[in-house]
Amino acid sequence: MTESYNLAAEDGDVHWSVWAGLTLIALLSFYAQAVITEDRFVPALNVLAKRFKIPDDVAGATLMAAGASSPEVFASFIALFVTRSSLGMGTIV
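Quick note: the working numbering has the sequence shown finishing at residue 101, numbered continuously throughout.
Calculated from the structure, these hints are not laboratory results.
Please note that a few of the clues may not be correct.
Distance condition first, Cα-Cα at most 25 Å in a straight line; then the derived SDA-like pairs of lysine to any residue [said to hold, decoys possible]:
| id | residue 1 | residue 2 |
| --- | --- | --- |
| 1 | Lys58 | Arg48 |
| 2 | Lys61 | Met72 |
| 3 | Lys61 | Phe49 |
| 4 | Lys58 | Val26 |
| 5 | Lys61 | Pro51 |
Turn these sequences into a full structure, and let the hints steer you where they fit.
What follows is the structure, encoded as structure tokens:
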């Protein structure tokens, strides 16, 4: 009843349609990330900069960098403190 789909050619190379599909998915992911960043992240940084009276160039350099690296920092803290993995210590240091 179970069927196996082989996407590799006879010589072991991956079929071109797999590469085309993966490339399309990657491009759509980058586009979605750009749209979400432009619509949500940048206006939120503008609100923070106005509230704390931070100049635009300083806010762009500090808040944008902090926001861009925060997922990695949170993942490292979870790996270090929740799962007690040594992976978190290597990425924090």
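Okay, the hints, checked on the actual structure:
{"no.": "1", "hint": "Lys58 / Arg48", "in the structure": "holds (16 Å)"}
{"no.": "2", "hint": "Lys61 / Met72", "in the structure": "holds (16 Å)"}
{"no.": "3", "hint": "Lys61 / Phe49", "in the structure": "holds (18 Å)"}
{"no.": "4", "hint": "Lys58 / Val26", "in the structure": "violated (47 Å)"}
{"no.": "5", "hint": "Lys61 / Pro51", "in the structure": "holds (15 Å)"}
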